[in-house]
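Residues per chain, in single letters:
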Amino acid sequence: MLARVAWAALPVFLIALVAVAAEPHDPALVPNIFKPDSTPADHIYGVALFVLTVTGAIFVAVFSLLVYAIVRYRAKPEDDSHEPAQVYGSNQIELAWTVIPVLIVVMLFLATARVIAQIQDAPPPPGTINVTAVGHQFWWEFRYPDLGIVTANELHVPVSEPAESTPTFLKLLSADTDHSFWVPRLAGKTDLIPNHPNSTWIDPHHTGLYLGQCAQYCGTQHGLMLLRVYVDSREDFKAWANAQAAPALVTSTDSNSEAGYGRKVFETTSCINCHAVKGTVADGRFGPDLTHLMSRKTLASGAADNTPEKLKQWIKDPDSIKPGSLMPAMRLTEKDLNALTAYLLTLR
Amino acid sequence: MSSETMALSPHAVETQSLAERLHGWATTVDHKRIGVMYIGFALIFLVIGGIEAIIMRIQLALPNNDFVSPQVFNRMFTMHGTTMIFFVAMPIMFGFGNYTVPLLVGTRDMAFPRLNAFSFWLTAFGALLMYFSFVGGFGLYGAGSAPDVGWFAYAPLTSKVFSPGHSSDFWSLGLIVSGFGSIGTSVNMITTIVCSRCPGMTLNKMPLFAWMNIVMSGMVLFAISPLTAAQIMISLDRYLGAHFFDTQAGGSAVIWMHFFWIFGHPEVYILIIPSFGFISEIVPVFSRKPIFGYPIMVGATVAIGFISFSVWAHHMFTVGMNSWGNTFFAITTMAVGVPTGIKIFNWLGTIWGGKIQFKTPMLFSLAFLFQFLIAGLTGIMLSSTPFNWQLSGSYFVVAHFHYVIVGGILFAVFGGFYYWYPKITGKMLSERLGKLHFWLFVIGFHLTFDFMHIPGLLGMPRRIYTYEAGRGWEIWNQIVSVGALFQGVAVLIFVFNMIWSYWKGKDAGCDPWDAWTLEWTTTSPPPEYNFATIPTVHSSRPLWDLKHPEDPDWKYE
Ligand SMILES: [Cu+2]
Ligand SMILES: [Cu+2]
Chain A
30 MLARVAWAAL
40 PVFLIALVAV
50 AAEPHDPALV
60 PNIFKPDSTP
70 ADHIYGVALF
80 VLTVTGAIFV
90 AVFSLLVYAI
100 VRYRAKPEDD
110 SHEPAQVYGS
120 NQIELAWTVI
130 PVLIVVMLFL
140 ATARVIAQIQ
150 DAPPPPGTIN
160 VTAVGHQFWW
170 EFRYPDLGIV
180 TANELHVPVS
190 EPAESTPTFL
200 KLLSADTDHS
210 FWVPRLAGKT
220 DLIPNHPNST
230 WIDPHHTGLY
240 LGQCAQYCGT
250 QHGLMLLRVY
260 VDSREDFKAW
270 ANAQAAPALV
280 TSTDSNSEAG
290 YGRKVFETTS
300 CINCHAVKGT
310 VADGRFGPDL
320 THLMSRKTLA
330 SGAADNTPEK
340 LKQWIKDPDS
350 IKPGSLMPAM
360 RLTEKDLNAL
370 TAYLLTLR
Chain B
190 MSSETMALSP
200 HAVETQSLAE
210 RLHGWATTVD
220 HKRIGVMYIG
230 FALIFLVIGG
240 IEAIIMRIQL
250 ALPNNDFVSP
260 QVFNRMFTMH
270 GTTMIFFVAM
280 PIMFGFGNYT
290 VPLLVGTRDM
300 AFPRLNAFSF
310 WLTAFGALLM
320 YFSFVGGFGL
330 YGAGSAPDVG
340 WFAYAPLTSK
350 VFSPGHSSDF
360 WSLGLIVSGF
370 GSIGTSVNMI
380 TTIVCSRCPG
390 MTLNKMPLFA
400 WMNIVMSGMV
410 LFAISPLTAA
420 QIMISLDRYL
430 GAHFFDTQAG
440 GSAVIWMHFF
450 WIFGHPEVYI
460 LIIPSFGFIS
470 EIVPVFSRKP
480 IFGYPIMVGA
490 TVAIGFISFS
500 VWAHHMFTVG
510 MNSWGNTFFA
520 ITTMAVGVPT
530 GIKIFNWLGT
540 IWGGKIQFKT
550 PMLFSLAFLF
560 QFLIAGLTGI
570 MLSSTPFNWQ
580 LSGSYFVVAH
590 FHYVIVGGIL
600 FAVFGGFYYW
610 YPKITGKMLS
620 ERLGKLHFWL
630 FVIGFHLTFD
640 FMHIPGLLGM
650 PRRIYTYEAG
660 RGWEIWNQIV
670 SVGALFQGVA
680 VLIFVFNMIW
690 SYWKGKDAGC
700 DPWDAWTLEW
710 TTTSPPPEYN
720 FATIPTVHSS
730 RPLWDLKHPE
740 DPDWKYE
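Quick note, the sequences are listed as chains A and B, same order.
My numbering puts the first residue of the first sequence at 30, with every later residue one more than the last.
My numbering puts the first residue of the second sequence at 190, with every later residue one more than the last.
Calculated from the structure, these hints are not laboratory results.
Check the hints yourself; a few may be wrong.
Straight-line C-alpha distance at most 20 Å; calculated SDA-like pairs for lysine to any residue [claimed, not checked]:
{"id": "1", "chain 1": "A", "residue 1": "K64", "chain 2": "B", "residue 2": "I643"}
{"id": "2", "chain 1": "B", "residue 1": "K544", "chain 2": "A", "residue 2": "D108"}
{"id": "3", "chain 1": "A", "residue 1": "K200", "chain 2": "B", "residue 2": "N511"}
{"id": "4", "chain 1": "B", "residue 1": "K544", "chain 2": "A", "residue 2": "K339"}
{"id": "5", "chain 1": "B", "residue 1": "K544", "chain 2": "B", "residue 2": "K349"}
{"id": "6", "chain 1": "B", "residue 1": "K544", "chain 2": "A", "residue 2": "S110"}
{"id": "7", "chain 1": "B", "residue 1": "K544", "chain 2": "A", "residue 2": "Y117"}
{"id": "8", "chain 1": "A", "residue 1": "K64", "chain 2": "A", "residue 2": "Y74"}
{"id": "9", "chain 1": "B", "residue 1": "K544", "chain 2": "A", "residue 2": "V96"}
{"id": "10", "chain 1": "B", "residue 1": "K695", "chain 2": "B", "residue 2": "G615"}
{"id": "11", "chain 1": "B", "residue 1": "K744", "chain 2": "A", "residue 2": "A114"}
{"id": "12", "chain 1": "B", "residue 1": "K394", "chain 2": "A", "residue 2": "G118"}
{"id": "13", "chain 1": "B", "residue 1": "K544", "chain 2": "A", "residue 2": "Y97"}
{"id": "14", "chain 1": "A", "residue 1": "K64", "chain 2": "B", "residue 2": "L646"}
{"id": "15", "chain 1": "B", "residue 1": "K544", "chain 2": "A", "residue 2": "L94"}
{"id": "16", "chain 1": "B", "residue 1": "K548", "chain 2": "A", "residue 2": "E112"}
{"id": "17", "chain 1": "B", "residue 1": "K624", "chain 2": "B", "residue 2": "M570"}
{"id": "18", "chain 1": "B", "residue 1": "K544", "chain 2": "A", "residue 2": "I99"}
{"id": "19", "chain 1": "B", "residue 1": "K544", "chain 2": "A", "residue 2": "K64"}
{"id": "20", "chain 1": "B", "residue 1": "K695", "chain 2": "B", "residue 2": "L622"}
{"id": "21", "chain 1": "B", "residue 1": "K349", "chain 2": "A", "residue 2": "F315"}
{"id": "22", "chain 1": "A", "residue 1": "K339", "chain 2": "B", "residue 2": "A658"}
{"id": "23", "chain 1": "B", "residue 1": "K548", "chain 2": "A", "residue 2": "V96"}
{"id": "24", "chain 1": "B", "residue 1": "K744", "chain 2": "A", "residue 2": "Q115"}
{"id": "25", "chain 1": "A", "residue 1": "K307", "chain 2": "A", "residue 2": "Y173"}
{"id": "26", "chain 1": "A", "residue 1": "K307", "chain 2": "A", "residue 2": "V279"}
{"id": "27", "chain 1": "A", "residue 1": "K105", "chain 2": "B", "residue 2": "E620"}
{"id": "28", "chain 1": "A", "residue 1": "K64", "chain 2": "A", "residue 2": "V279"}
{"id": "29", "chain 1": "B", "residue 1": "K394", "chain 2": "A", "residue 2": "I99"}
{"id": "30", "chain 1": "B", "residue 1": "K736", "chain 2": "A", "residue 2": "Y117"}
{"id": "31", "chain 1": "A", "residue 1": "K326", "chain 2": "B", "residue 2": "G659"}
{"id": "32", "chain 1": "A", "residue 1": "K105", "chain 2": "B", "residue 2": "W702"}
{"id": "33", "chain 1": "A", "residue 1": "K293", "chain 2": "A", "residue 2": "D283"}
{"id": "34", "chain 1": "B", "residue 1": "K548", "chain 2": "A", "residue 2": "Y102"}
{"id": "35", "chain 1": "A", "residue 1": "K326", "chain 2": "A", "residue 2": "D283"}
{"id": "36", "chain 1": "B", "residue 1": "K544", "chain 2": "A", "residue 2": "G118"}
Facing chain B, from chain A, some residues (calculated, C-beta under 7 Å) [claimed, not checked]:
{"id": "37", "residue": "A90"}
{"id": "38", "residue": "V91"}
{"id": "39", "residue": "Y102"}
{"id": "40", "residue": "P106"}
Each residue gets a CB set at the ideal place from its N, CA and C atoms; glycine is no exception.
Pulled out of the complex, with its shape left as it was, chain A reads as follows (with noise of 0.2 Å):
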């Protein structure tokens, strides 16, 4: 028959995928929702862990219900021609199978519930860093303002140990259309919309990087609107503040060198109305702040790594990267170019 050609085809198929699933990955990058390292992100896996014990256990009682009635009940060539019996219903079945699932229903609200208030209602406590991230298309602005701090899509937050917490609040604002902040492994998402401020918390319980990336259709370059959490020890964390409050390291505008030749380029082309070097003319804010540009991993929200070679390649033609970014290419010189891209790199 037909159809068992096709099922024979099920697992030839399966095995050539098990064979294609052992590529190598880092384990601690996979932004599983099931390996929370936070505590708003260790609140839903209770309770997502609750339901799914619920619905689990739903699962198999129904499904052993249909299957046994289907194999019970099929009609078998030995059977007379005779109807079954017309049987049109029974109260107290019904009965008991609208009682038990409202049961459920009120079992599993009252978990929900409970889990809803701890998350949203948490007041910040003292120690809190504060951070206003803005919905760009297609980047994350992230703002300390405690610490007079403007950076771009890589976030920074101190780990918080259970001994002395210092969780990370943010307040969510965007600049034009709807995003979403979601790293999994520490909070859900929470919608960044225009004129429309939200908030959000993490407390993430160990270093290292967490990976997330925008979750709300926001247009062209949505898929490549990525976002980094660096969690930083406490000292760590101060360091990497001090420095990116600092100015940029100052340049001179010398055209004999070739990084002073680029600073000039750079503020002589309309890249100053996009972009912010601080302590420099360069205050534009339409882009991301470059004044500690060298200090991120990567380039456009995660699009390439930062590499001299990738921020050459970005400069002179953004599109080859981020095809849509809404960054213009320049068309520069291949002098010019180099010397922009000579300058940028001491923008650590």
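Please arrange chain B with the ligands on chain A, whose structure you already have, making use of the hints.
Coordinates of chain B with the ligands only, in the frame set by chain A:
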């Protein structure tokens, strides 16, 4: 439906020229022909929407793939979603409703035959208008063709600033026009069911399919209206400087979400409730038993209809409602699970103690029961607000609603095709091809949509045109893509089966399934006037009464 056409002998119809026949279809007001046109229209768009899905699945099969550009990918998911909901699922439901409801309730046509034709053509022109964006969307601004704002088109992405050109106008206009078509058909359906039932068919003796259609139609009236209002508002924003959703000028993006989802959630039930109707007709016939608990089935349907208008903001748990809002919409959403569960149990009660015949319509219906069970349970997971904060906007949600729409609705529709095709054409579909279609589709469906839950749990958001290697998503995406190919092949077999059987299939006769409702009392296909004399019924299974005069239903109802 003039008397001349009625008088034509079959032979005279044969000798009509092609142009005459097309003219006949274009000007028809016969509910059966309109039903067939709805269904044919939906099938064409099913193939188009399917191709859009396959393009997306090729792109996502490998990390960092560049099979299509992000712009094209975004158009594909926008058009795929819009097409499948508005130009496949809705019309196919209206098509089956149009065809079968007058037959089921024992009347000669819909209450308003001309409104019926008008509504169909509105829907068809709405679809053409939207697809015209592929060529017309460039407008004056060269801003790209088909709409790329996603099928729920969140503000302010649809404003002039972020969507210059005309592509999103085609989207709005297409939905406004086809929306009026949906409203027309619903009014018609409600009137037909309320006013045109045959003698003896009191509401409690009406086939469940008719019940489900009247509930569905009532929901369409209340759900399409806010959608249409919102489309008009966005058009005012774009062309007359209104600021409903213009966040730069104090408008609200969140208001759009409310408008959209107070349509969008009931819409799911608008599609699943007629599917329940299909299942409630097919399962009893192939179990050889009446539906278990008819009154509670009706009650549960009406309850779902009402409750489903109070749950819309479960699509908005991540937009920053306060904890009261987040709690309220969790409980209403969970509550909708109760009547839905009752239905599954009642179908179980129907097959329990029966003599199940595994004909193709029944296979699809049984698969529906399992798959809809799973879809319902993942729905419960999503209704738990905190869990939803992780799952919403991820591939888990995509898997969940495809489980509802494909695993539930489409399986029911396939079941309906195999069940009513003999009535519509007078020919049986090939059981052999039907079973092949079924098994291939089941395999494809499960490969695609079972495995699609996993990348969602691993943090993969929906609507991304590509993803990096090393996040643990590759393998799952590959399986999902392969499953899509299986489904594509299965659908081709289905289409082939319909064409082949039309010419070569066995004759069906009036009543090939030994069924019990009125449509099986007339010839296949039924004459234009449906019934030579309007039947009189005494129970919800008139043909059972006829076949078993010693033990008729009306003794027990
Ligand atoms: Cu986005
Ligand atoms: Cu919903």
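Checked hints:
| no. | hint | verdict |
| --- | --- | --- |
| 1 | K64(A) / I643(B) | 14 Å, holds |
| 2 | K544(B) / D108(A) | 9 Å, holds |
| 3 | K200(A) / N511(B) | 15 Å, holds |
| 4 | K544(B) / K339(A) | 69 Å, violated |
| 5 | K544(B) / K349(B) | 61 Å, violated |
| 6 | K544(B) / S110(A) | 10 Å, holds |
| 7 | K544(B) / Y117(A) | 15 Å, holds |
| 8 | K64(A) / Y74(A) | 8 Å, holds |
| 9 | K544(B) / V96(A) | 14 Å, holds |
| 10 | K695(B) / G615(B) | 9 Å, holds |
| 11 | K744(B) / A114(A) | 15 Å, holds |
| 12 | K394(B) / G118(A) | 15 Å, holds |
| 13 | K544(B) / Y97(A) | 13 Å, holds |
| 14 | K64(A) / L646(B) | 10 Å, holds |
| 15 | K544(B) / L94(A) | 16 Å, holds |
| 16 | K548(B) / E112(A) | 17 Å, holds |
| 17 | K624(B) / M570(B) | 33 Å, violated |
| 18 | K544(B) / I99(A) | 9 Å, holds |
| 19 | K544(B) / K64(A) | 48 Å, violated |
| 20 | K695(B) / L622(B) | 13 Å, holds |
| 21 | K349(B) / F315(A) | 19 Å, holds |
| 22 | K339(A) / A658(B) | 18 Å, holds |
| 23 | K548(B) / V96(A) | 17 Å, holds |
| 24 | K744(B) / Q115(A) | 12 Å, holds |
| 25 | K307(A) / Y173(A) | 15 Å, holds |
| 26 | K307(A) / V279(A) | 10 Å, holds |
| 27 | K105(A) / E620(B) | 19 Å, holds |
| 28 | K64(A) / V279(A) | 43 Å, violated |
| 29 | K394(B) / I99(A) | 28 Å, violated |
| 30 | K736(B) / Y117(A) | 18 Å, holds |
| 31 | K326(A) / G659(B) | 17 Å, holds |
| 32 | K105(A) / W702(B) | 17 Å, holds |
| 33 | K293(A) / D283(A) | 8 Å, holds |
| 34 | K548(B) / Y102(A) | 15 Å, holds |
| 35 | K326(A) / D283(A) | 29 Å, violated |
| 36 | K544(B) / G118(A) | 17 Å, holds |
| 37 | A90 | 10 Å, violated |
| 38 | V91 | 6 Å, holds |
| 39 | Y102 | 5 Å, holds |
| 40 | P106 | 11 Å, violated |
Checked against the numbered hints listed earlier, the structure breaks hints 4, 5, 17, 19, 28, 29, 35, 37, 40; every other hint is satisfied.
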